[in-house]
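Colleague: Here are the chains, one letter per residue:
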Amino acid sequence: FSGIETGDLEKRDDLFPQILRDEAVARLYELGKVSDASGYLERTFLSPASMKAIDLIRKWMEDAGLRTWVDQMGNVHGRVDGANENAEALLIGSHMDTVVDAGMFDGSLGIVSAISAVKAMHVNGKLQKLKRPVEVIAFSDEEGVRFQTTFLGSGAIAGILPGTTLEISDKREVMIKDFLKENSMDITEESLLKLKYDPKSVWGYVEVHIEQGPVLEQVGFPLGVVKGIAGQTRLKVTVRGSQGHAGTVPMSMRQDPMAAAAEQIVVLESLCKHPEEYLSYDGHCSDSTVKSLSSSLVCTVGEISTWPSASNVIPGQVTYTVDIRAIDDLGREAVIYDLSKQIYQICDKRSVSCIIEHKHDAGAVICDSDLSSQLKSAAYSALKKMEGDIQDEVPTLMSGAGHDAMAISHLTKVGMLFVRCRGGISHSPQEHVLDNDVWAAGLATLSFLENLS
Amino acid sequence: FSGIETGDLEKRDDLFPQILRDEAVARLYELGKVSDASGYLERTFLSPASMRAINLIRKWMEDAGLRTWVDQMGNVHGRVDGANANAEALLIGSHMDTVVDAGMFDGSLGIVSAISALKAMHVNGKLQKLKRPVEVIAFSDEEGVRFQTTFLGSGAIAGILPGTTLEISDKREVMIKDFLKENSIDITEESLLKLKYDPKSVWGYVEVHIEQGPVLEQVGFPLGVVKGIAGQTRLKVTVRGSQGHAGTVPMSMRQDPMAAAAEQIVVLESLCKHPEEYLSYDGHCSDSTVKSLSTSLVCTVGEISTWPSASNVIPGQVTYTVDIRAIDDLGREAVIYDLSKQIYQICDKRSVSCIIEHKHDAGAVICDSDLSSQLKSAAYSALKKMEGDIQDEVPTLMSGAGHDAMAISHLTKVGMLFVRCRGGISHSPQEHVLDNDVWAASLATLSFLENLS
Numbered sequence: 117f118s119g120i121e122t123g124d125l126e127k128r129d130d131l132f133p134q135i136l137r138d139e140a141v142a143r144l145y146e147l148g149k150v151s152d153a154s155g156y157l158e159r160t161f162l163s164p165a166s167m168k169a170i171d172l173i174r175k176w177m178e179d180a181g182l183r184t185w186v187d188q189m190g191n192v193h194g195r196v197d198g199a200n201e202n203a204e205a206l207l208i209g210s211h212m213d214t215v216v217d218a219g220m221f222d223g224s225l226g227i228v229s230a231i232s233a234v235k236a237m238h239v240n241g242k243l244q245k246l247k248r249p250v251e252v253i254a255f256s257d258e259e260g261v262r263f264q265t266t267f268l269g270s271g272a273i274a275g276i277l278p279g280t281t282l283e284i285s286d287k288r289e290v291m292i293k294d295f296l297k298e299n300s301m302d303i304t305e306e307s308l309l310k311l312k313y314d315p316k317s318v319w320g321y322v323e324v325h326i327e328q329g330p331v332l333e334q335v336g337f338p339l340g341v342v343k344g345i346a347g348q349t350r351l352k353v354t355v356r357g358s359q360g361h362a363g364t365v366p367m368s369m370r371q372d373p374m375a376a377a378a379e380q381i382v383v384l385e386s387l388c389k390h391p392e393e394y395l396s397y398d399g400h401c402s403d404s405t406v407k408s409l410s411s412s413l414v415c416t417v418g419e420i421s422t423w424p425s426a427s428n429v430i431p432g433q434v435t436y437t438v439d440i441r442a443i444d445d446l447g448r449e450a451v452i453y454d455l456s457k458q459i460y461q462i463c464d465k466r467s468v469s470c471i472i473e474h475k476h477d478a479g480a481v482i483c484d485s486d487l488s489s490q491l492k493s494a495a496y497s498a499l500k501k502m503e504g505d506i507q508d509e510v511p512t513l514m515s516g517a518g519h520d521a522m523a524i525s526h527l528t529k530v531g532m533l534f535v536r537c538r539g540g541i542s543h544s545p546q547e548h549v550l551d552n553d554v555w556a557a558g559l560a561t562l563s564f565l566e567n568l569s
Numbered sequence: 438f439s440g441i442e443t444g445d446l447e448k449r450d451d452l453f454p455q456i457l458r459d460e461a462v463a464r465l466y467e468l469g470k471v472s473d474a475s476g477y478l479e480r481t482f483l484s485p486a487s488m489r490a491i492n493l494i495r496k497w498m499e500d501a502g503l504r505t506w507v508d509q510m511g512n513v514h515g516r517v518d519g520a521n522a523n524a525e526a527l528l529i530g531s532h533m534d535t536v537v538d539a540g541m542f543d544g545s546l547g548i549v550s551a552i553s554a555l556k557a558m559h560v561n562g563k564l565q566k567l568k569r570p571v572e573v574i575a576f577s578d579e580e581g582v583r584f585q586t587t588f589l590g591s592g593a594i595a596g597i598l599p600g601t602t603l604e605i606s607d608k609r610e611v612m613i614k615d616f617l618k619e620n621s622i623d624i625t626e627e628s629l630l631k632l633k634y635d636p637k638s639v640w641g642y643v644e645v646h647i648e649q650g651p652v653l654e655q656v657g658f659p660l661g662v663v664k665g666i667a668g669q670t671r672l673k674v675t676v677r678g679s680q681g682h683a684g685t686v687p688m689s690m691r692q693d694p695m696a697a698a699a700e701q702i703v704v705l706e707s708l709c710k711h712p713e714e715y716l717s718y719d720g721h722c723s724d725s726t727v728k729s730l731s732t733s734l735v736c737t738v739g740e741i742s743t744w745p746s747a748s749n750v751i752p753g754q755v756t757y758t759v760d761i762r763a764i765d766d767l768g769r770e771a772v773i774y775d776l777s778k779q780i781y782q783i784c785d786k787r788s789v790s791c792i793i794e795h796k797h798d799a800g801a802v803i804c805d806s807d808l809s810s811q812l813k814s815a816a817y818s819a820l821k822k823m824e825g826d827i828q829d830e831v832p833t834l835m836s837g838a839g840h841d842a843m844a845i846s847h848l849t850k851v852g853m854l855f856v857r858c859r860g861g862i863s864h865s866p867q868e869h870v871l872d873n874d875v876w877a878a879s880l881a882t883l884s885f886l887e888n889l890s
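Protein chains in written order, with the numbering used here: chain G, 117 to 569; chain L, 438 to 890.
Heads up, some of the hints might be wrong.
Said to hold, decoys possible - Computed from the model, here is a short list of chain L residues facing chain G with C-beta under 8 angstroms:
1) T505
2) A683
3) E740
4) S746
Unchecked claim - Derived BS3-like pairs: lysine-lysine, alpha-carbon spacing no greater than 30 angstroms straight-line:
5) L:K637 / L:K566
6) L:K796 / L:K614
7) L:K618 / L:K631
8) L:K608 / L:K618
9) G:K175 / G:K457
10) L:K673 / L:K608
11) G:K457 / L:K710
12) G:K149 / G:K297
13) G:K465 / L:K637
14) L:K796 / L:K673
15) L:K822 / L:K568
16) L:K786 / G:K457
17) G:K312 / G:K168
18) L:K633 / L:K618
19) G:K352 / L:K786
20) L:K778 / L:K673
21) L:K673 / G:K389
22) G:K312 / G:K245
23) G:K245 / G:K501
24) L:K568 / L:K850
25) G:K389 / G:K352
26) L:K710 / G:K389
27) G:K242 / G:K287
28) G:K312 / G:K297
29) L:K796 / L:K633
30) G:K500 / G:K242
31) G:K175 / G:K312
32) L:K786 / L:K563
33) G:K465 / L:K778
34) G:K465 / L:K673
35) L:K786 / G:K389
36) G:K352 / G:K310
37) L:K710 / G:K352
38) G:K168 / G:K310
39) G:K465 / L:K710
40) L:K778 / G:K389
The hints are simulated quantities; they were obtained by calculation from the structure and are not laboratory data.
We treat Cβ as the ideally placed atom computed from N, Cα and C, and that holds for glycine.
My request is simple: use the sequences and hints to build the entire structure.
Modeller: This is how it looks when you write it as structure tokens:
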């Protein structure tokens, strides 16, 4: 899919190019300019720019025929009851907040493509024929920039935020509840808990998001269906040896934690690139676990430092982080078990000491297979309309980054559609999605809605 | 050598225990209290404590029958002309300055043991029978703490300091020449150059110093003869790859500089532990080079860091230092050549880029074989007197740390004797030398002087 426009596509009226591509792209650019900073994009939880964004998004929702409101956590809702307002609702969500110096597609694409798809149905007179209510939600805080807590918006709707959330402070020691009050939102623990949706009132949740990785671009597909969101473990490894003068301690008499750490990191990379060579079947992993690991396992050492950190001193201590993610929780645990074993073996062999601390653990979220199947059909249908002939299947891939779907998965079944982004770049002003890929995302969402049972 | 005192040793008058052990140890403790700080030892170039140390050292030199003076760079000299005032002089030197929070033996032991040995000859009536002049020099600045330039004292005597040295500033932007003026030492470039000794007036240089490493303690010997002082190269390696999200970039699509750096550090350690397995004979190394490398080569990664240094980000860049030392300059260069080749190969294989910067290079200093042979005999003789039977040879080892002998080697042939220190620890208040090892050092120096030809 080259993304090159062809004249013939303009003539087909079931593609809605004016709404799903031109207007959608224009709205993304417009939203991308709603910022708290003058030279880059920054729009954090209920900031002045977010308040402007709320108004803009509400306007677009109403333009699409949706009834709108803002809840006490700052989420923007737009709902159509369809033919049966008592049926369980489909939720389509994404976040409207950004990181600092953000790209304009992360989060925003999911909101705009959902509204555009609904607008196309509205224009086409099909909106009220939907078999169940459809509600678009723009979540107020997914990135957690200001209060260092992710999923404030979606967490409230899923009912997973503890009441003490309102007492979390930012760097200037302003608590969330006081900040909300500043924005004329009088919230209490009780009213926070009331924001939770009744699981019986919700049929499912769908989210469209840029991939934030390079896979779709590499395989040459604008859209991919998400199998699930990886579980994640973050470790902090500390290796302690014997500090000494760089010149006077012979190699054979050293207990060098830097050499030990280097060896461990090499083993980590090998383990994560080829888990099938390391993990055994004698109680740790089944064959299917190893297979799913091979395609989803990613491991990263992002931070490392030595102490005392002088070029002429054998360090006394080295500390580094390990971030391990996989779609299969059992597999991730097996990898951590094997990695830990290897780390301790290396330390024993070298007479240095090792401490492995588990800093963070989050289980994987598996997307609903029926929802994923429907999203796959919708994506296929959209691409077929745009391209004509499609030889390959729509790709299925894992999400290594967290998304609001993780929070909503506590409420209902979830499905996600990824959109190709240039170079896999995200959280950067260099983030980019092709106009025709925006179109494909809107068209796929439309197809999904048209086939909503 | 357990270091345990035995009663019989006290009765032999050729061991001079009162002078070479008891008084020497007492003087080391006394000098160890001459400090600019109240809770730890710090005595930098011509500091108030150094001025007090100068007076103390002069007093001890005069007590040993030496004629004393202080030169314009703050070095303290004590000289005896012996039987032939016109003969080339033997210089015995060590430094009187310390690092911050220092141990009391580093530098001081060489001064005290030299003075003690001469005092024993003085008491014994042999001082004036020396066949050539002997001059003890306490160098004013070896560590370079204040002005960040090593060998100020010995460099002046060797004539290797450029005239611009006097314009070097400390952190408070005080230049050396102005600092000397504050201490009533009026120095000019011309008079600095005049401090240089005429090579024809010097027969050789000997230095006694603590080992600052663990070898002598491990082999169980109080003294060792130094083969040479290692040459040193310091590299800074920068590996640049593709920064990315820890979760979204598959292992097979990464250009991870941290994984590359880890692999390089593992290779470095292996190369430095087993150079014979890496270096070839086809133009790089002869057999003797590889042999000398195997016993003297040490390599250290003391500093490493990532950028942007976040646990959930594949780093875009990793930077680390490499310190490589060997007694054989050709071998060290061959190791660096091979290491560089391997580093670049790893980077090419992983599609990351590498830059290797040479931050510092210093050639090795080989001790004079005749001087070393005489020092070995002297050490053997001393230990035999103290212990009776000695089965093993006096060890020969490399110095991986720099010493004043490096500077003086530009003036004359040099020899060094190392003294065992507990745990190989130096530059620390935990630095310790056994009383009987102090005795052994002085006794060996005495034996060397008695056999001076």
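Colleague: The structure should be examined with respect to each hint, and the outcome stated for every one.
Modeller: Checked hints:
1. A distance limit of 8 angstroms between C-beta atoms decides the matter here; for T505 of chain L the minimum to chain G is near 32 angstroms, and the interface restraint is violated.
2. Taken as an interface hint, A683 of chain L checks out: its beta carbon lies about 4 angstroms from the nearest beta carbon of chain G, inside 8 angstroms.
3. The closest approach between the C-beta of E740 of chain L and any C-beta of chain G is roughly 5 angstroms, which is under the 8 angstroms cut-off, so the hint is satisfied.
4. Taken as an interface hint, S746 of chain L checks out: its beta carbon lies about 5 angstroms from the nearest beta carbon of chain G, inside 8 angstroms.
5. Of the supplied pair hints, the one linking K637 of chain L and K566 of chain L holds, its CA atoms being roughly 22 angstroms apart against a limit of 30 angstroms.
6. As the CA atoms of K796 of chain L and K614 of chain L are separated by approximately 28 angstroms, the hinted pair is consistent with the 30 angstroms bound.
7. Of the pairs offered as hints, the one joining K618 of chain L and K631 of chain L holds, with about 17 angstroms between alpha carbons and a cut-off of 30 angstroms not exceeded.
8. Using a Cα cut-off of 30 angstroms, the hinted pair K608 of chain L and K618 of chain L holds, with the two alpha carbons roughly 18 angstroms apart.
9. The suggested pairing of K175 of chain G with K457 of chain G is violated, with an alpha-carbon distance near 57 angstroms, which exceeds 30 angstroms.
10. Annotation: proposed proximity of K673 of chain L to K608 of chain L holds, straight-line Cα distance about 25 angstroms (limit 30 angstroms).
11. Restraint check for K457 of chain G and K710 of chain L: the C-alpha separation of about 25 angstroms stays at or below 30 angstroms, so the hint holds.
12. For the hint linking K149 of chain G to K297 of chain G, the alpha-carbon distance of about 26 angstroms falls within 30 angstroms, and the restraint holds.
13. At most 30 angstroms may separate the alpha-carbon atoms for a hinted pair to count; K465 of chain G and K637 of chain L exceed this at roughly 55 angstroms.
14. Of the pairs offered as hints, the one joining K796 of chain L and K673 of chain L holds, with about 7 angstroms between alpha carbons and a cut-off of 30 angstroms not exceeded.
15. Between K822 of chain L and K568 of chain L the alpha-carbon distance is near 24 angstroms, which keeps this suggested pair within the 30 angstroms criterion.
16. Under the criterion of a C-alpha separation no larger than 30 angstroms, the hint pairing K786 of chain L with K457 of chain G is consistent with the structure, at around 28 angstroms.
17. At roughly 25 angstroms between alpha-carbon atoms, K312 of chain G and K168 of chain G fall within 30 angstroms of each other, so this suggested pair holds.
18. Of the supplied pair hints, the one linking K633 of chain L and K618 of chain L holds, its CA atoms being roughly 20 angstroms apart against a limit of 30 angstroms.
19. For the suggested pair K352 of chain G and K786 of chain L, the alpha carbons sit about 28 angstroms apart, so the restraint of at most 30 angstroms is met.
20. Restraint check: the Cα-Cα separation between K778 of chain L and K673 of chain L comes to about 15 angstroms, which is no more than 30 angstroms; the hinted pair holds.
21. Using a Cα cut-off of 30 angstroms, the hinted pair K673 of chain L and K389 of chain G holds, with the two alpha carbons roughly 29 angstroms apart.
22. Restraint check for K312 of chain G and K245 of chain G: the C-alpha separation of about 27 angstroms stays at or below 30 angstroms, so the hint holds.
23. At most 30 angstroms may separate the alpha-carbon atoms for a hinted pair to count; K245 of chain G and K501 of chain G meet this at roughly 23 angstroms.
24. Between the alpha carbons of K568 of chain L and K850 of chain L the distance comes to roughly 18 angstroms, so the proposed pair stays at or under 30 angstroms and holds.
25. Only pairs whose Cα atoms come within 30 angstroms are accepted, and K389 of chain G paired with K352 of chain G is accepted, the gap being roughly 20 angstroms.
26. Between K710 of chain L and K389 of chain G, the direct Cα distance comes to roughly 28 angstroms. Compliance with the 30 angstroms bound is thereby established for this hinted pair.
27. Our distance criterion of 30 angstroms between C-alpha atoms is broken by K242 of chain G and K287 of chain G, whose separation comes to about 48 angstroms.
28. For the hint pairing K312 of chain G with K297 of chain G, the CA-to-CA distance comes to about 20 angstroms; that is within 30 angstroms, so the pair holds.
29. For a cut-off of 30 angstroms, the pair hint linking K796 of chain L to K633 of chain L stands: about 29 angstroms separates their Cα positions.
30. With a CA separation close to 22 angstroms, the supplied pair K500 of chain G and K242 of chain G stays within the 30 angstroms bound.
31. At roughly 25 angstroms between alpha-carbon atoms, K175 of chain G and K312 of chain G fall within 30 angstroms of each other, so this suggested pair holds.
32. Of the pairs offered as hints, the one joining K786 of chain L and K563 of chain L is violated, with about 70 angstroms between alpha carbons and a cut-off of 30 angstroms exceeded.
33. A hinted pair counts as satisfied when its Cα atoms are at most 30 angstroms apart, and K465 of chain G with K778 of chain L qualifies at roughly 28 angstroms.
34. Pair hint K465 of chain G plus K673 of chain L holds up; C-alpha atoms about 28 angstroms apart against a cutoff of 30 angstroms.
35. As the CA atoms of K786 of chain L and K389 of chain G are separated by approximately 15 angstroms, the hinted pair is consistent with the 30 angstroms bound.
36. For a cut-off of 30 angstroms, the pair hint linking K352 of chain G to K310 of chain G is broken: about 38 angstroms separates their Cα positions.
37. At most 30 angstroms may separate the alpha-carbon atoms for a hinted pair to count; K710 of chain L and K352 of chain G meet this at roughly 29 angstroms.
38. Pair hint K168 of chain G plus K310 of chain G holds up; C-alpha atoms about 26 angstroms apart against a cutoff of 30 angstroms.
39. Proposed proximity of K465 of chain G and K710 of chain L is supported: the alpha carbons are some 15 angstroms apart, at most 30 angstroms.
40. About 25 angstroms separates the Cα atoms of K778 of chain L and K389 of chain G, which keeps this hinted pair within 30 angstroms; it holds.
Of the numbered hints listed earlier, those contradicted by the structure are 1, 9, 13, 27, 32, 36.
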